[in-house]
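**Student:** Protein chains in written order, with the working numbering: chain A, 1 to 371; chain B, 1 to 368.
These aren't lab readings, by the way, just hints derived from the structure by calculation. Even glycine gets a Cβ: it sits at the ideal position worked out from N, Cα and C. Keep in mind that a hint or two might mislead.
[Claimed, not checked] Rough simulated footprint, nothing fancy, chain B against chain A, three-plus residues with beta-carbon under 8 Å: (1) 46-52; (2) 123-136; (3) 151-159; (4) 223-230; (5) 279-292; (6) 331-343.
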Amino acid sequence: MTCFRYILALAIKEFLALLRDKRSRMVIIGPPIAQLLIFGFAATYDLNNVPVVIFDEDRGVAARELVSRIDGSPNFQVVTTISHDSEIAPLIDNKEALLVLHIGQNFSADLMQGRTAPLQAILDGRNSNTAMIAMNYLRTILLDYNRSWLESQGRSGPLVTLQTRTWYNENLQSRWFIIPGIVGLLTLVVTLLVTALSVAREREAGTFDQLLVTPLRPTEILIGKAIPGIVIGLLQATLIIVLMVLFFNIPLRGSIGALYLGIVLFLLSAVGIGLMISAIAATQQQAVLGAFLFLVPSVILSGFATPIANMPQLVQWLTYLNPLRYFLVVVRGVTLEGDGYALLMNQYWPMAIIGVASLAFAGWLFRNRMY
Amino acid sequence: MRLLGMIHKESLQILRDPSSISIAFVLPVVLLFLFGYGVSLDAKLIPVGIVIEQPDTATQSLAGAFERSEFFQPYHFDSIQTAQQMLNERHIDGILWMRSNFSSNLLAGEEAPIGVIINGVDSNQANITQGYIQGTWLAWLSRYAESRGHSLPMPVSLEQRVWFNAALSSRLFLVPGLIAIIMTMIGSLLTALVVAREWERGTMEALMVTPLRIGELLAGKLIPYFALGMTGMLFSVALAVWQFEVPLRGSLWLLMVSSALFMLVALAIGMLISIVAKNQFVAGQLAIIVTFLPAFILSGFLFDINSMPEWVQLITHLVPARYFVAILQTLFLAGDVWPVVLSNMGALLIMLLFFFTLVWRKSHKHLE
């Protein structure tokens with residue numbers, strides 16, 4: 001019973017140390033919400049209003065029809081038309097156009113005579129992903145255009161067609177993919193910093209040695225230090241999830257219990273790693289930089305923005321050590337795919353192992369790293 | 001002389017703390033290797049399930065097209081239910097479904113649709129997968145038409161030419177952008193922490209009562225970190241060019257000048273954060289939230305700025321990394337495009353003046 005009282009007292013002291021300072025309170029609550037709002041709108045791979053320049057040497061009806069289809073798409077916006085080859089390079093170089101469409105002189109004539117008419121697309125490849133997405137949009141418009149041209153000529157298109165349906169994210173909005181990821185990202189940032197600084201702050205002030213000579217056992221110190229991180233992480237995750245559902249209209253199709261089991265296990269591993277960093281660091285500066293050295297690779301290797309399946313095998317093995325990797329599958333699984341406990345089992349146990357192992361190691365460091 | 005002493009003291013502080021050195025050298029290497037080798041937006045070997053309800057020559061040749069493609073890893077399933085189950089459990093990313101009437105429809109001259117189901121959770125990958133499926137389908141259509149003695153009617157065909165990055169390799173744009181992020185970390189995060197520590201320990205006040213003038217104090221603080229940041233930058237450029245084979249088509253001196261300008265802006269922001277925060281926890285949080293995350297998400301490094309909502313685009317104008325990423329991607333991949341480089345450098349210069357004035361005024365206030 002006394003042991004609970006000790007832990008409780010320590011946890012309260014930790015909360016006070018953290019929340020006493022007005023600026024500390026502010027950075028825990030304000031910025032994460034601002035970030036969710038800004039990044040939620042900013043982080044999207046969907047393109048709209050891609051600046052397009054038309055270089056139409058044909059000027060026939062067929063060419064005009066194609067241009068109006070492109071201009072009519074929300075993804076593209078025709079910014080200007082040019083009439084000379086030499087105008088292409090400066091427009092692309094200066095980033096005034098991402099795409100230049102060159103319609104050759106014989107475009108309409110070729111079409112009328114049933115020959116294949118080439119359409120040349122010149123793209124700014126500086127951001128290759130944007131170029132590739134713009135290309136895909138253009139292809140879809142062309143497929144449509146070809147079909148309706150053949151129909152208008154009384155000929156049928158190819159008999160074998162594709163009937164595509166997408167599951168879980170029916171309209172392929174990248175926001176639906178990114179925002180659940182931000183839940184994991186922001187929760188990790190705050191939890192990790194709160195815990196990473198907790199021991200280092202006391203080391204730097206010299207009060208950690210005092211703490212070690214109190215009747216508290218190292219395990220109790222560990223639990224007392226872990227509680228604030230978990231509580232703050234839980235509150236923050238809840239707040240972000242509420243905003244995600246109410247403000248960004250991301251569906252929550254699966255079981256909330258399964259989501260919270262994931263959050264608790266994820267927080268356990270984040271707190272464990274934070275305390276480990278804190279126990280190793282001698283100063284607060286080292287703790288923040290250490291947290292950062294962990295944070296950056298773990299965000300990159302989590303599947304937050306780029307898929308894990310595209311990474312080389314060696315790097316993919318490395319991602320198995322990353323708790324965020326599992327948590328992102330849980331959040332996206334519960335929100336978009338409607339998963340329950342059973343489908344997420346393979347994500348739960350690795351987080352639990354990482355959590356227990358890192359907490360145990362942090363506890364060992366508390367006892368054995370004294371200077 | 002006093003200034004030299006101050007620089008000496010700061011340099012020693014950097015050299016003695018392993019964490020500063022690791023931020024300047026270890027982190028860039030880790031990041032560059034992760035981004036250079038680890039991260040790719042170019043999908044390879046997408047696992048797809050193929051369901052053929054009534055096998056014959058047409059469906060076999062279609063399945064063969066997917067098996068030979070370098071983009072797909074096909075798995076065969078007997079029923080659509082099994083395939084859907086596998087999609088549900090995330091073993092495959094897409095399904096191609098040829099129903100039992102596929103070939104009879106084709107022979108009868110009726111439309112024969114292939115059912116395609118794609119896991120859309122990662123919409124970007126889903127788009128890419130869809131593009132590859134379309135490409136494979138079109139190539140098969142024209143081969144199939146040829147094998148039966150006529151050609152595929154194709155009114156307009158697309159010829160694409162991608163400038164600056166013909167192979168559309170995502171590494172070529174991620175690695176230059178990363179230099180902006182690395183310099184943001186050295187410039188803002190490290191500086192904010194170090195100076196916040198001086199405030200926290202009260203050594204900043206101690207420095208202020210020395211004969212050092214405020215200008216010398218700031219210069220003494222900034223010069224060592226400027227040197228550290230520029231070294232980290234040169235190191236990253238060398239890695240980018242030699243290790244990751246990113247072409248440097250612009251001139252090196254222009255890269256150096258614009259990097260120096262960006263480094264100064266990052267340092268000024270780091271200073272400002274430390275003055276406002278006065279303790280390391282707040283400084284660390286602020287530096288990550290105000291400089292690092294925006295450099296990652298709002299700079300055009302990964303996400304296209306033009307596609308963001310109007311009000312977010314306005315906010316991106318306050319992110320210095322936005323201008324530097326544009327300069328980096330242009331200098332590395334396109335060359336010395338003066339209008340792009342100069343306008344972005346101009347914006348950085350304005351930010352520099354603004355932040356330095358703020359730092360100057362804030363520092364003065366505390367001397368009184």
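**Student:** Against each hint, give a clear statement of whether it holds in the structure.
**Tutor:** Hints and how they fare:
| no. | hint | result |
| --- | --- | --- |
| 1 | 46-52 | holds (count 6) |
| 2 | 123-136 | holds (count 13) |
| 3 | 151-159 | holds (count 4) |
| 4 | 223-230 | violated (count 0) |
| 5 | 279-292 | holds (count 10) |
| 6 | 331-343 | holds (count 4) |
Comparing the model with each earlier hint shows a violation of hint 4 alone; every other hint is respected.
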